[in-house]
Amino acid sequence: MCDTLLAKGIISELGNLIFAKNSDREPLEAHQLLHIPRKTHSAKTLNCTYLQIPQTSTTWEAWLSKPFQMWGAEMGVNEWGLAIGNEAVFTQVKFDKSKQGLTGMDLLRLALERSKTALAAKDLILELLERHGQNACGGYGNKNFYYHNSFLIADQKDALLLETAGKSWAWKRVKDYASISNCLSLEDDFEEWKITEEDKYLSSIFNSKKGFKSRFSDFLYTYFSKAKDRKSFTEKSLISQKGQIGPKQMMEILKSHHPTGEDFHPKKASAASVCMHATGLTNPSETTGSMVAEIRNNQPHTIWFCPSPHPCQSLYIPFYFGTETNFLKNPSYLEDDSLWWQAKKLHAIVERNWKLLFPRLKMDLNQIQESWLKKDGDLIKSWANPEELNKFSLDCYSFYQTWINERLQEFSK
Numbered sequence: 001m002c003d004t005l006l007a008k009g010i011i012s013e014l015g016n017l018i019f020a021k022n023s024d025r026e027p028l029e030a031h032q033l034l035h036i037p038r039k040t041h042s043a044k045t046l047n048c049t050y051l052q053i054p055q056t057s058t059t060w061e062a063w064l065s066k067p068f069q070m071w072g073a074e075m076g077v078n079e080w081g082l083a084i085g086n087e088a089v090f091t092q093v094k095f096d097k098s099k100q101g102l103t104g105m106d107l108l109r110l111a112l113e114r115s116k117t118a119l120a121a122k123d124l125i126l127e128l129l130e131r132h133g134q135n136a137c138g139g140y141g142n143k144n145f146y147y148h149n150s151f152l153i154a155d156q157k158d159a160l161l162l163e164t165a166g167k168s169w170a171w172k173r174v175k176d177y178a179s180i181s182n183c184l185s186l187e188d189d190f191e192e193w194k195i196t197e198e199d200k201y202l203s204s205i206f207n208s209k210k211g212f213k214s215r216f217s218d219f220l221y222t223y224f225s226k227a228k229d230r231k232s233f234t235e236k237s238l239i240s241q242k243g244q245i246g247p248k249q250m251m252e253i254l255k256s257h258h259p260t261g262e263d264f265h266p267k268k269a270s271a272a273s274v275c276m277h278a279t280g281l282t283n284p285s286e287t288t289g290s291m292v293a294e295i296r297n298n299q300p301h302t303i304w305f306c307p308s309p310h311p312c313q314s315l316y317i318p319f320y321f322g323t324e325t326n327f328l329k330n331p332s333y334l335e336d337d338s339l340w341w342q343a344k345k346l347h348a349i350v351e352r353n354w355k356l357l358f359p360r361l362k363m364d365l366n367q368i369q370e371s372w373l374k375k376d377g378d379l380i381k382s383w384a385n386p387e388e389l390n391k392f393s394l395d396c397y398s399f400y401q402t403w404i405n406e407r408l409q410e411f412s413k
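Going by our numbering, the sequence shown wraps up at 413, each residue one higher than the last.
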């Protein structure tokens with residue numbers, strides 16, 4: 001389960017594109033931050049998660065957050081200010097598990113590596129979908145978790161919503177805000193669509209008089225995902241803060257525990273919560289990665305990544321293009337000593353004594369995050385050079401590592 005949202009134009013505080021996503025995966029499926037420089041390739045082929053496809057000659061610099069074991073990514077931004085997030089959607093189109101296809105995460109990463117604009121990214125995803133399909137397992141431990149994908153794709157000029165079911169698709173432009181979750185939402189309010197003959201046959205409820213959602217949505221799986229609840233909450237949160245949405249406000253939305261709010265407890269969490277905490281069979285996912293990106297015109301972009309699970313108990317660290325990232329280790333993420341796993345250990349301690357420890361943790365986190373947001377704003381206003389931006393990013397990352405270790409020692413007593 002996931003949620004992706006954006007604000008721009010009259011919704012955004014400064015008119016910048018504010019793009020955000022929570023990635024909800026299996027509880028042990030650690031997220032990895034990945035910085036890819038612009039590259040020229042001599043290899044003819046590329047190994048994606050399950051499938052080998054032709055390589056392109058040049059790929060763009062990109063910041064990605066991805067499940068550690070996958071080639072593809074859940075969310076990211078490239079050097080051209082293109083941002084993409086994807087969602088699992090559940091449809092009536094059946095999977096041919098005898099064939100391998102591209103995952104939604106593969107499609108997302110390929111689009112960021114190979115596209116300059118939102119429209120170009122949409123066209124590339126549709127081209128790849130037509131050629132390779134999406135018969136691909138999206139699970140980690142759960143090897144039966146197959147799903148189709150929707151995408152929110154945006155740059156400073158255009159923002160697009162793209163929904164798929166098998167090789168069928170529909171898309172439309174969105175204006176000042178958008179929110180997508182684990183449900184199809186387009187009926188006949190699309191700009192273009194394509195229904196393949198194969199998907200007509202496979203869709204057991206196909207009806208030529210209905211829209212895209214009515215033709216293809218699996219309403220049972222969609223219902224249990226609580227996607228409509230989360231989508232409704234995030235949309236209302238964006239609209240109610242018209243003209244005020246910046247990175248801070250987006251972070252607060254991604255940290256929220258709607259509908260319980262202040263009375264929330266992780267043991268009683270449900271799939272309706274934007275910051276998701278796994279509780280069992282009907283709520284098996286939790287938020288394992290999070291991103292808020294501020295895409296600016298003619299100034300450096302700031303990509304705030306949460307390198308730890310559960311945004312409500314975490315910090316977002318700023319990253320920038322054109323900077324060195326040698327401080328980002330590339331561990332195995334299999335219960336090693338990485339920042340992600342250290343934070344998960346801390347969160348487990350906090351959740352065992354939630355009422356006492358969470359308020360203390362939250363107060364500390366809010367103060368630190370506020371100071372980092374202010375520092376980022378000051379650096380951008382002063383036209384800081386890449387070295388200054390890189391130092392700030394490194395300082396934040398190092399501080400967070402130390403802070404987690406100190407809290408682990410303090411709360412373990």
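One should not assume that every hint holds.
[Claimed, not checked] Calculated lysine-lysine pairs in the BS3-like style (CA-CA distance at most 25 angstroms, straight line):
# : residue 1 : residue 2
1 : Lys362    : Lys268
2 : Lys157    : Lys248
3 : Lys157    : Lys143
4 : Lys116    : Lys97
5 : Lys267    : Lys413
6 : Lys413    : Lys248
7 : Lys116    : Lys157
Honestly, the hints are just simulated from the structure, not real lab data. Quick caveat, the model's predicted, so the values are computed rather than measured.
Comparing the hints with the structure gives:
1. Lys362 x Lys268: With a Cα-Cα distance of about 19 angstroms, the restraint between lysine 362 and lysine 268 holds, given a limit of 25 angstroms.
2. Lys157 x Lys248: Roughly 23 angstroms separates the two Cα atoms, so the pair holds.
3. Lys157 x Lys143: Not OK: lysine 157 and lysine 143 at ~39 angstroms, beyond 25 angstroms, violated.
4. Lys116 x Lys97: 33 angstroms, violated
5. Lys267 x Lys413: 23 angstroms, holds
6. Lys413 x Lys248: 33 angstroms, violated
7. Lys116 x Lys157: 12 angstroms, holds
Of the numbered hints given earlier, the model fails hints 3, 4, 6; all others are met.
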